[in-house]
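Enquirer: So the protein lines, in turn, are chains L and S.
Residue -9 is where the first sequence starts when you use the working numbering, and the numbers rise one by one after that.
Residue 4 is where the second sequence starts when you use the working numbering, and the numbers rise one by one after that.
Since the hints were made in silico from the structure, they are not lab data.
Heads up, some of the hints might be wrong.
Okay, the calculated beta carbon distance ranges per label pair [what the hints assert, rightly or not]:
| # | chain 1 | residue 1 | chain 2 | residue 2 | range |
| --- | --- | --- | --- | --- | --- |
| 1 | S | 117 | L | 46 | 37 to 45 Å |
| 2 | L | 8 | S | 72 | 18 to 26 Å |
| 3 | L | 45 | S | 55 | 22 to 30 Å |
| 4 | L | 8 | S | 59 | 47 to 55 Å |
| 5 | S | 57 | L | 74 | 41 to 49 Å |
Some chain S residues near chain L, calculated using beta-carbon distances under 7 Å [said to hold, decoys possible]:
| # | residue |
| --- | --- |
| 6 | 4 |
| 7 | 43 |
| 8 | 45 |
| 9 | 47 |
| 10 | 51 |
| 11 | 70 |
| 12 | 103 |
| 13 | 104 |
| 14 | 105 |
| 15 | 108 |
| 16 | 109 |
| 17 | 110 |
Covered by chain S, per the in silico footprint, the following chain L stretches (three or more residues, Cβ under 8 Å) [to be verified]:
| # | segment |
| --- | --- |
| 18 | 7 to 16 |
| 19 | 66 to 73 |
| 20 | 80 to 88 |
| 21 | 98 to 104 |
Heads up, the beta-carbon is just placed ideally off N, CA and C, and yes, glycines get one too.
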Amino acid sequence: DTGVSQNPRHKITKRGQNVTFRCDPISEHNRLYWYRQTLGQGPEFLTYFQNEAQLEKSRLLSDRFSAERPKGSFSTLEIQRTEQGDSAMYLCASSLARRLAAFVKETQYFGPGTRLLVL
Amino acid sequence: AQSVTQLDSQVPVFEEAPVELRCNYSSSVSVYLFWYVQYPNQGLQLLLKYLSGSTLVKGINGFEAEFNKSQTSFHLRKPSVHISDTAEYFCAVSDSVDSSYKLIFGSGTRLLVRP
Chain L
-9 DTGVSQNPRH
1 KITKRGQNVT
11 FRCDPISEHN
21 RLYWYRQTLG
31 QGPEFLTYFQ
41 NEAQLEKSRL
51 LSDRFSAERP
61 KGSFSTLEIQ
71 RTEQGDSAMY
81 LCASSLARRL
91 AAFVKETQYF
101 GPGTRLLVL
Chain S
4 AQSVTQLDSQ
14 VPVFEEAPVE
24 LRCNYSSSVS
34 VYLFWYVQYP
44 NQGLQLLLKY
54 LSGSTLVKGI
64 NGFEAEFNKS
74 QTSFHLRKPS
84 VHISDTAEYF
94 CAVSDSVDSS
104 YKLIFGSGTR
114 LLVRP
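Turn these sequences into a full structure, and let the hints guide you.
Expert: Structure (structure tokens):
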């Protein structure tokens, strides 16, 4: 178990540029979540996947944001035409959801995050 | 909609003193409750969780929390803190009827342990 990894750890970009972040979950985990954390606040849910299917998106996820998990393993989060308000820590978490023991293994394990600064 | 309130943005305490970090949630349905800790420049680490059963939950690093349904609270306690406990602590709730199990977080409490 190598844990959840995220790349890059830091990203500085200019307003209007596109950025893409990657998350590699714990290998056997079928669920993957994206959260956003702004300075002085708790994380806020953005979206989640079960395997390759994106099952829910928060209203925080504007049309400039897109997330994918093409093979049910790693995930990418892309922000197009970045704005200064997009500056935040983007956290990824993974978990193992099982139908019969639905919540026993549902602990979400978080990665170290990608800190984005839009100038 | 679910919400979580952490009343104290910062709690200063001396080393080896006891501490309580407060958390209240708003919900009329069954919930699961969590406490996470975040050290500087790191992700969140689970301290403990309440799913069902005993209302007193013990976690890692000597922390415990008590679920109080009537007061909709889930306060975190430690009888004797160490310098290394200095970190940001987040309370979170997950709606048991929401199959996404997404977490709703409070705004966090910064625990500052002084020597």
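Enquirer: Against which earlier hints does the structure fall short, listed by number upward?
Expert: The structure conflicts with hints 2, 6, 7, 10, 11, 18 and 19, although it agrees with all the remaining ones.
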